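Asks: If you want the building blocks of each chain, they are given just below.
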Amino acid sequence: MRRIWAVAPALLVSGSLALAGCSTIGEDGGGSDGASSPDRVVLVTHDSFSLPKPLQRKFEEQSGYDLVVRGSGDAGILTNKLVLTKDDPLGDVAFGVDNTFASRALDAGVFAPYDASLPAGADQYRLAGDDDHELTPIDNASVCVNVDDTWFASHDLAPPKTLDDLADPRYRDLFVTPGAATSSPGMAFLLTTVAAYGEDGWQDYWSRLMANGTRLVDGWSQAYEVDFTQGGGKGDRPIVLSYDSSPAFTVADGTSTTSALLDTCFRQVEYAGVLAGAANPQGAEALVDFLLTPEVQAALPDSMYVFPVDASVPLPKEWASFAKQPTDPYAVDPADISAHRDEWLREWSDVTSR
Amino acid sequence: MLTLAHLTVEYDGAPAVVDASLALEDGHVLAVLGPSGSGKSTLLRAVAGLEPAAAGSISWDGHDLAGVPTHRRGFALMFQDGQLFGHLTVARNVGYALRLRRTPNAAARVRELLALVGLEGYEDRLPATLSGGERQRVALARSLAVQPRLLLLDEPLSALDAGLRERLATDLRDILRAAGTTALMVTHDQDEAFTVADRLAVMRDGRIVQQGDIAEVWRAPADPETALFLGYARVLSGPRAGALLRAAGLREAPAVAVRRSALVVADRGPLSGTVVSGRVTPELIRLVVDVDGIGELDAVARLDTHPGAGDRVALVVDASRLAVTPAGH
Amino acid sequence: MRRALALAALAAVPLAVLGVFFVLPVLGMVSEGFWTDGRFDPAAVLEVLGRPRVHRVVWFTVWSASAGTALSLLLGVPAAHLLHRRRFPGRRVLRAVLLVPFVLPTVVVGVAFRELIGEAGPLGFLGLDGSAAAIVAGLVFFNVAVVIRAVGAAWESLDPRPAEAAAALGASPAHVFRTVTLPMLRPAIMSAASVVFLFCATAFGVVLTLGGLRYSSVETEIYLLTTNLLDLQAAAALSIVQLVAITSLLVVTSRLRAVPDPTLARSTARPPRVSRADWPGLLATGLVVVLVGLPVAALVAGSLQVGDGYGLANYRALDTVGSRSALLVPVTDALVTSLRTAVDATWMSLSLGLLVAVVVTRRSRSRTERRARGLLDGLFMLPLGVSAVTLGFGFLITLDRPPVDFRDSLLLVPIAQALVALPLVVRTLAPVLGGVDDRQRQAAASLGAGPLRAFLTVDLPAMWKPLLAAAGFAFAVSLGEFGATSFLAREDHPTLPIVIYHLIGHPGAMNYGMALAASVVLAGTTALVMLLVERLRVPSVGSF
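Residue numbers (the UniProt record's numbering), protein chains in the order written: chain A, 1 to 354; chain B, 1 to 329; chain C, 1 to 544.
Since the hints were derived computationally from the structure, they do not count as laboratory data.
Treat the hints with caution; some may be incorrect.
Here are some, though not all, of the chain C residues that point toward chain B, as calculated from beta-carbon distances under 7 Å [to be verified]:
| # | residue |
| --- | --- |
| 1 | SER366 |
| 2 | ARG439 |
| 3 | GLN440 |
| 4 | GLN442 |
| 5 | ALA443 |
| 6 | ALA445 |
| 7 | SER446 |
| 8 | LEU447 |
| 9 | GLY448 |
| 10 | ALA449 |
| 11 | GLY450 |
| 12 | PRO461 |
All of these numbers come straight from a predicted model, not from anything done at the bench.
Virtual Cβ for every residue (Gly too), placed ideally from N, Cα, C.
Using the sequences provided together with the hints, build the complete structure.
Replies: Following this line, the structure appears as structure tokens:
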């Protein structure tokens with residue numbers, strides 16, 4: 001019996017822990033279905049979405065709606081979630097579908113048309129083929145090959161400049177990139193090569209890349225943080241696939257140790273859109289408009305590592321100095337991406353697996 | 001009063017108890033005696049409500065007990081190995097049912113019960129510190145605590161060694177008598193049954209082959225197998241039975257069961273034979289004798305006689321150690 | 001009839017939870033693949049099974065999981081002997097530490113492993129990076145502790161007398177092991193092997209991170225097909241392959257396990273000291289310590305690295321949101337969320353696991369009943385064998401309307417984690433409940449105790465330690481769970497593994513260091529929980 005009395009406190013403790021807030025129960029607050037309430041806006045997004053708290057509060061004050069954010073997974077997962085739940089949407093508005101996945105969402109009829117008025121310079125980011133204006137461009141970032149300038153300086157080697165250079169034996173065993181099948185920048189790089197070498201030529205380029213000792217890893221973090229010489233893990237590869245903004249994060253003593261090769265870029269544009277069947281379409285439109293306001297646009301580089309679509313907002317100091325955007329990035333028609341993604345990925349897997 | 005009417009219990013599709021009918025009057029102690037695998041434990045478990053009846057009924061004072069769960073039957077069950085709750089002290093074990101019923105003065109009642117089973121002062125001991133016999137006494141006290149309508153005893157003494165078993169059997173009888181408890185006990189040990197019970201039912205292959213007053217059953221086993229199980233050494237039939245019965249001065253019958261001590265070596269007697277083998281025990285000498293006209297039988301001789309193999313001896317028959325039975329197959 | 005009803009009533013709650021949060025979503029996802037454009041089209045799914053790539057993927061999954069399981073057994077069984085049958089200082093701590101990998105997020109382990117075996121790493125000369133051998137090593141890293149724990153627990157309580165008798169008859173130690181000990185350990189080894197195989201066959205991050213993308217397992221393929229290509233037919237086909245394979249695995253192992261459980265003969269003998277004859281155990285334990293220790297050491301070293309020197313800055317930064325606010329909430333908040341979620345997941349999996357364990361261990365009256373209980377036992381193992389991405393998408397498309405309108409509920413995360421922990425909880429509790437003499441309950445019932453009271457009197461005292469131990473398991477599993485959580489967790493309530501994933505995915509040296517520091521905190525918390533469990537341990541703990 002003594003032992004029963006030893007159990008009782010244990011049960012009591014765990015019970016009271018659960019009740020006294022050491023539990024997630026009771027935090028749901030209000031109705032559980034995000035889309036059913038007209039006094040709030042539910043934003044469905046990916047796990048990289050981040051907006052400073054004061055800005056979120058500002059939106060709530062201005063619009064009178066509570067903002068609820070539901071974010072998980074990457075852009076691909078987000079798109080597929082939206083497609084699979086289009087009959088009963090997860091929220092009112094979505095942010096984060098990019099130009100490599102947008103066609104799939106448009107084809108499935110995920111979004112409702114909303115023609116937001118775009119800030120200066122944003123028009124160039126509109127999705128080709130989106131004639132009904134279902135998607136509104138919010139930000140962009142280009143996937144570019146990055147190099148460690150200090151490494152090349154200390155090895156008395158000129159850094160590569162073009163895609164072809166990466167297959168040059170002088171740069172043997174120096175390049176690391178996330179794979180197209182498992183990573184969104186990896187996919188963008190595959191599309192870069194498709195655009196650069198044509199639908200029938202990119203396979204040969206990839207064979208040469210692989211023959212030149214290119215290392216494939218599963219995600220951006222692995223490539224940049226583990227294998228790149230300027231990453232957190234102090235790796236051994238001075239050439240890495242990353243973003244045009246990355247050099248702004250390797251600033252030491254007033255200069256960046258890395259630079260992006262602006263002739264190797266593919267531009268990713270992220271869109272927002274009102275979901276078809278939204279419970280609060282007005283709120284959704286208000287949020288799309290809000291994302292285009294100068295304050296949000298100006299906050300994007302710091303909170304999400306992307307460039308604003310509004311050309312008039314000032315960039316942070318380090319970005320202004322070190323994050324150069326490509327002027328003429330490679331592009332592939334979204335409809336083509338949608339039609340060939342499966343086929344290209346399969347061919348890519350065949351070329352890259354030895 | 002417990003009544004079993006045509007009770008059949010199946011275990012995994014196979015019948016374990018077949019068409020058993022029994023009646024147990026209040027205040028009596030019934031022993032169900034049978035070899036292992038005879039279905040006696042299943043019968044007990046069915047009465048306890050632990051096994052469902054496939055056919056027939058179990059009733060108490062005329063009320064059918066089908067559908068009454070174990071804990072509502074008011075029958076206490078005592079296991080072979082006591083099954084005391086190891087984490088509870090002796091007092092808490094004994095008082096378990098009293099606490100369930102919120103009986104006032106439980107502590108006094110526990111003391112009283114422990115005194116009844118001869119374990120005064122054991123209140124605070126844990127079961128692990130008790131001997132086998134003490135544990136069974138605690139189990140008995142625990143079962144008696146609530147004055148059950150019926151006490152079910154499953155081989156209550158067979159886990160104990162011989163000397164202890166004998167002593168505890170006597171104690172058990174006295175305790176049950178003193179408490180006026182109605183009890184149903186299953187056992188495979190005739191001595192235990194004979195000591196504790198006043199009624200006896202014999203089970204074999206799932207059937208009750210005989211029941212009645214214990215002495216009666218002993219005197220007249222229903223068939224040769226029963227006789228052998230009840231401790232008779234041999235069963236004779238036909239002319240051999242006739243010869244023995246005549247020598248005992250009894251009426252002839254088709255078969256007779258013979259206890260091991262039914263023939264006694266004497267200076268002279270109605271039978272004679274040749275000693276085949278002998279074995280000395282502390283109290284007497286046990287012999288196997290080839291009896292003229294009957295064949296090999298067991299016999300006893302006093303310690304001061306010294307019959308050896310091959311010796312001729314005369315034998316008298318103790319008629320009280322014979323039991324006339326219906327002929328075997 | 002009454003018994004059947006009672007059985008059904010007890011099983012109802014866990015079955016309902018499993019039905020709503022597992023069967024329904026998985027069926028929903030699989031049927032998406034079978035219905036194309038509103039038309040039932042099984043041919044398209046079957047066609048997928050004929051693809052050479054699918055054959056390659058299935059074959060790789062089978063052999064890598066088999067190799068991972070075999071190696072885990074080869075290292076784990078001798079190490080279990082040393083850690084559970086021999087006495088030496090620090091063995092409790094060692095046992096707890098060896099369980100840490102089990103709950104580390106794969107992304108962190110991937111980083112740690114690659115820092116070791118990458119071309120620039122101290123073990124780079126081995127050329128393991130991106131090889132199948134690295135994948136198998138990773139699988140062993142994660143799972144060897146499961147073998148050690150499960151087999152060790154059984155070994156600890158094994159009756160030593162048969163082995164002593166065999167030795168007295170002249171059998172050599174090797175002979176004794178082969179003819180006496182091994183057969184007695186078979187049930188424990190088989191059930192450990194089946195769980196490890198399940199974990200290996202459904203491993204996700206390890207295959208991607210360590211295989212350098214050259215290898216695809218069924219699990220990674222389902223992920224790719226679902227999240228990237230939205231090829232739901234192929235995903236459905238592979239999910240079915242997975243379910244069929246796992247079901248048959250469970251059937252086979254339950255057969256092999258079905259021998260009288262020798263662990264019931266409990267021994268309490270004090271284990272002897274380590275001697276020279278224990279060299280196989282010493283060797284295996286040494287290898288395991290190296291295998292587990294090196295990546296963990298690399299992790300700790302990385303977390304202490306600040307610039308070119310060492311310091312605690314990464315740890316001090318844990319109450320911030322990272323450089324350039326990489327996170328919405330500070331790491332410390334995520335730790336709190338993780339702990340609170342784990343409390344929920346723990347009580348959920350404990351209550352469900354307790355019910356399941358009670359149902360599957362009660363004595364069966366008929367063959368049908370026994371079958372039903374066996375089926376139930378296997379059913380609750382299935383969540384281990386289904387891709388988190390299938391489950392995650394399934395939640396979204398099936399739990400969207402009343403009465404099962406849960407997809408926005410905060411409770412979805414702990415529920416999903418509870419389902420993952422459930423098999424471990426059941427495997428911890430069931431042997432104890434099965435070992436309780438049924439006659440104890442009958443004795444209580446005959447004294448007038450109802451079923452609940454009898455449970456409190458008889459089962460609970462026998463079970464309170466394993467219950468607490470199972471709670472530790474569930475807690476640790478919940479702390480480390482990433483797959484399902486990353487899918488279901490809300491932006492504003494991330495758990496620690498998710499935050500680590502975020503940090504490591506954002507540029508900036510400080511974020512990387514913080515990710516490693518947060519991983520060390522997660523590992524430390526886990527080790528602490530496991531150490532507490534260890535102090536409470538009973539022979540059956542972890543004998544799944």
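Asks: State for each hint whether it applies.
Replies: These are the hints, each one checked on the structure:
1. SER366: 6 Å, holds
2. ARG439: 5 Å, holds
3. GLN440: 5 Å, holds
4. GLN442: Interface hint status for C/GLN442: holds (6 Å vs cutoff 7 Å).
5. ALA443: Since chain B brings a Cβ to about 4 Å from C/ALA443, closer than 7 Å, the hint holds.
6. ALA445: 4 Å, holds
7. SER446: 3 Å, holds
8. LEU447: 4 Å, holds
9. GLY448: 5 Å, holds
10. ALA449: Nearest chain B Cβ about 6 Å off; hint holds.
11. GLY450: Since chain B brings a Cβ to about 5 Å from C/GLY450, closer than 7 Å, the hint holds.
12. PRO461: 4 Å, holds
Hint compliance for this structure: every hint is met.
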